[in-house]
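Colleague: So you can see what is in the structure, the chains are spelled out below.
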Amino acid sequence: MNEKIAMDELQFIKKIIEDSKASIVYNGKDYIVWGLLVAVGLLLDYSAYVFKLNINFILFWGVIIGLGWIFSFFSYRKRKTECNPKTFAGKILGGVWLATGTAMTIVGFIGIPSGAIPGQSISAVLSTFLGMAFIVAGFIHNETWMKYLSVGWWIGAVYMFFFPGIHTVFVMALMLICFQVIPGIYFYQKYKKEVEK
Amino acid sequence: MDDRTAIDELIFIRKVIEDSKRTVVENGIGYIFWGILVFLGMMSVYVGIMFQQPINSVWVWVVLIGFGWGYTIIANMRMHNKQQKKTFAGKILISVWIGAGIAMTILGFVATASGMIHGYAVSPLIALVLGTAYFISGMIYDSQWVKMLSVGWWIGGIAMFYIHNIHQVLMMAIMMLVLQIIPGFIFYFNSKNEMRKSND
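These protein sequences, in sequence, are chains A and B.
This note's numbering puts the first residue of the first sequence at 1, with every later residue one more than the last.
This note's numbering puts the first residue of the second sequence at 1001, with every later residue one more than the last.
It should be emphasised that the hints constitute simulated quantities derived from the structure, not laboratory data.
This structure is a prediction, so every number in the text was calculated from the model and none was measured.
Backbone N, C-alpha and C fix where the C-beta goes; we use that ideal spot for every residue, glycine too.
Each hint should be verified, as a subset may be incorrect.
[Said to hold, decoys possible] Coverage of chain A stretches by chain B, computed from C-beta distances (three or more under 8 Å per stretch; other residues unrestricted):
(1) 32 to 45
(2) 54 to 61
(3) 102 to 108
(4) 123 to 131
[Said to hold, decoys possible] Derived contacts from chain B toward chain A, CB cut-off under 8 Å, selection only:
(5) Thr1087
(6) Lys1091
(7) Ala1100
(8) Leu1107
(9) Ala1121
(10) Pro1124
(11) Phe1135
(12) Ile1140
(13) Val1146
(14) Ser1150
(15) Ile1158
[Stated by the list, open to error] Pairs of lysine-lysine residues, derived as DSS-like cross-links and limited to a Cα-Cα distance of at most 30 Å, are as follows:
(16) A:Lys80 <-> A:Lys29
(17) A:Lys192 <-> B:Lys1147
(18) B:Lys1091 <-> A:Lys78
(19) A:Lys91 <-> A:Lys52
(20) A:Lys147 <-> B:Lys1147
(21) B:Lys1147 <-> A:Lys78
(22) B:Lys1091 <-> A:Lys190
(23) A:Lys193 <-> B:Lys1192
(24) B:Lys1197 <-> B:Lys1091
(25) B:Lys1192 <-> B:Lys1147
(26) B:Lys1147 <-> A:Lys80
(27) B:Lys1147 <-> A:Lys193
(28) B:Lys1147 <-> B:Lys1197
(29) B:Lys1192 <-> A:Lys29
(30) B:Lys1197 <-> A:Lys29
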């Protein structure tokens, strides 16, 4: 092996490492969009309950969650064309949210209509799933504070299990803003700085 | 950088990459251990109800899951002492199963104790958590068949949402056997082969 080949190999390895670093610079848009969509949905849900509006909740949440999935699909396609080859960390992060999203969609759209899960415990159940996703995402982003967000989701879930009621809609909306939208904005700012660099 | 240094650097990097690969080779013991624990719990509850035996199912689960967590914590502490450096993939894998374990404990104990979740909603919810964990693990192992296990868990979870009787417990026990214990043994034998190859 001569020096030229060795240098080429090292440059290739350096490129892979730089790609991996770039993937951790995440733009946070999914956190912001999903967080805001569900928070707005919860507040509309609450308004419908208070003002006794006769709306089809399955259809209502079908539209909200459908919009979220459409956004994630186009966001994924955009990232795929912009960032090729996809890095290991990026792939796993995508997998974490795809799997968690699938599980939460099943809970909401099959668990509740089947009668197995009472509608008023949905926020607590989903918080439990979100806690799982955030602990893994924290390890991927290598952000300790993000790992602690999962503790926040789980404490919130336990609270909502023991203190059920319509106020849990507000608790969930607040948790979405604090534990998802604000971290999403943090990632977005960090991403913009990295892009400027 | 001269020729010799460049080669040394490459050898070092290759070694690091190979070490990383080895730490992601799953030995399957955790899957087998937890799978058998939950299988035993499910079967004892099923047999207790079917044959009207005075078995306190809450205590069965407290003892089994408590033992499972105790063993897992001690085993991880021992591994932590032996193995100083953990790879990125290894760390994510641990976080997946710690997250799944905490989520399942909340759904199994806290949710039912609060009265907000009926007993027959626990198995489908746990199946959904396991589906999520298997999907992410499959991505980390870069293994298509492990990812496909998640589909099995999710389909099983959907089916169990509609089974509101004791047969749901039997179904969960069978799923635990097919989608966790058997894959655990596959991991175990694959890791044995991998170790044999690396020793040769």
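Colleague: Next, verify each hint and record whether it holds.
Modeller: Consistency of the hints with the structure:
no., hint, in the structure
1, 32 to 45, "violated (count 0)"
2, 54 to 61, "violated (count 0)"
3, 102 to 108, "holds (count 4)"
4, 123 to 131, "holds (count 5)"
5, Thr1087, "11 Å, violated"
6, Lys1091, "5 Å, holds"
7, Ala1100, "6 Å, holds"
8, Leu1107, "6 Å, holds"
9, Ala1121, "4 Å, holds"
10, Pro1124, "6 Å, holds"
11, Phe1135, "4 Å, holds"
12, Ile1140, "6 Å, holds"
13, Val1146, "12 Å, violated"
14, Ser1150, "7 Å, holds"
15, Ile1158, "5 Å, holds"
16, A:Lys80 <-> A:Lys29, "15 Å, holds"
17, A:Lys192 <-> B:Lys1147, "34 Å, violated"
18, B:Lys1091 <-> A:Lys78, "29 Å, holds"
19, A:Lys91 <-> A:Lys52, "44 Å, violated"
20, A:Lys147 <-> B:Lys1147, "24 Å, holds"
21, B:Lys1147 <-> A:Lys78, "24 Å, holds"
22, B:Lys1091 <-> A:Lys190, "24 Å, holds"
23, A:Lys193 <-> B:Lys1192, "47 Å, violated"
24, B:Lys1197 <-> B:Lys1091, "25 Å, holds"
25, B:Lys1192 <-> B:Lys1147, "22 Å, holds"
26, B:Lys1147 <-> A:Lys80, "21 Å, holds"
27, B:Lys1147 <-> A:Lys193, "36 Å, violated"
28, B:Lys1147 <-> B:Lys1197, "25 Å, holds"
29, B:Lys1192 <-> A:Lys29, "43 Å, violated"
30, B:Lys1197 <-> A:Lys29, "45 Å, violated"
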